[in-house]
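Protein chains: 2
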Amino acid sequence: MNDPGFVVWFTGLSGSGKTTLGVVLEKELLKRNLRVQRLDGDIVRKSLTKDLGFSEEDRKKNIERITFVTRLLAKHGVATLVSFISPYISVRDNARKEVNEESAKFVEVFVKASVEECARRDVKGLYEKAFAGEIKNFTGVSHPYEEPPKSELVCDTENETVEESVLIILEYLEKEKIIPKS
Amino acid sequence: MNDPGFVVWFTGLSGSGKTTLGVVLEKELLKRNLRVQRLDGDIVRKSLTKDLGFSEEDRKKNIERITFVTRLLAKHGVATLVSFISPYISVRDNARKEVNEESAKFVEVFVKASVEECARRDVKGLYEKAFAGEIKNFTGVSHPYEEPPKSELVCDTENETVEESVLIILEYLEKEKIIPKS
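Residue numbers (the working numbering), protein chains in the order written: chain A, 1 to 182; chain B, 1 to 182.
Hints are supplied without guarantee of correctness; some may be wrong.
Identical chains blur together in the list; that is why a pair holds if it fits in one copy or across any two.
As the list claims (entries may be wrong) - Here are the simulated PhoX-like pairs of lysine-lysine, each with C-alpha atoms no more than 20 Å apart in a straight line:
no., residue 1, residue 2
1, K50, K61
2, K177, K60
3, K97, K46
4, K61, K46
5, K46, K27
Honestly, the hints are just simulated from the structure, not real lab data.
Given these sequences and hints, build the entire structure.
This is the structure in structure tokens:
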């Protein structure tokens, strides 16, 4: 059995909506009877990446390990929904390359919201601490975020509802024949 | 789709035959049209665990990460064949617990060969260095190996051929209805 799955890779600032989109997309894909696995910080931090901080080196290691897992899941037929800030273009491109080596599609979704908007939401209270200098290397504040120059999709979560964004993703996946039409 | 896969976890000394058994078992399971993934040092050391050495702490971290990956693969229907020395009972038992939480079967296979026999084979030239004190924390020489008190299977690779050992495993998997009879 070698039918590969696919990867939807959400990238964007903390608070932009990556995990929220992943959760709702997961529900839709499960309705379509697919095998689905979400990966995000809450899921991996307990074991896979618990030794890692937020330096550039650690962020790269973090995504390297996530990429290893994502590649294996995609290889074995799982729709893998990955929600990490993943601020570096080179690291995301490597994830794409590895997934493609398993003949699985890689769909990069730029979850777009300005630092101001993310700070206004401040879901985890992190921006306040970052602006106060209590958290170092905070993406968008004291650490760079490299916007994707040509992601497959952009979800503008300042101007779209979650449902609208997920519909855009589902339509794309159908159009590209990554999932069958519902 | 939620049918789980299963895990065959090979544990034993370096050179006991864990990976060899995994490779041959993989071929047999692929013939039966299963999704199969092998995991061993050569596969994970390039990315997932490349920062780890052989101290007790690092060995535990190593298996913790392997367990994370194994659990996800088993959850999603993959026959996962894991070949690591994995010298600690507690760490192997935790892997079993995590895999069972996905309603997937965990089959521990003790790949049994004496230190003397493994040193005689010395496939990677490591025992010679370990006896000379050039490698520290070498399992069976300068680091403990906790034999499984009640593994599902024991493959005595000093007295069985690879084919005989794999046949024993296949028969067990059939008997336990983990795989269909061929």
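Structure-based check of all given hints:
no., hint, verdict
1, K50 with K61, "both (11 Å within a copy, 10 Å between copies)"
2, K177 with K60, "neither (31 Å within a copy, 42 Å between copies)"
3, K97 with K46, "between (27 Å within a copy, 16 Å between copies)"
4, K61 with K46, "both (15 Å within a copy, 12 Å between copies)"
5, K46 with K27, "neither (24 Å within a copy, 34 Å between copies)"
Hint compliance for this structure: hints 2, 5 are broken, all remaining hints hold.
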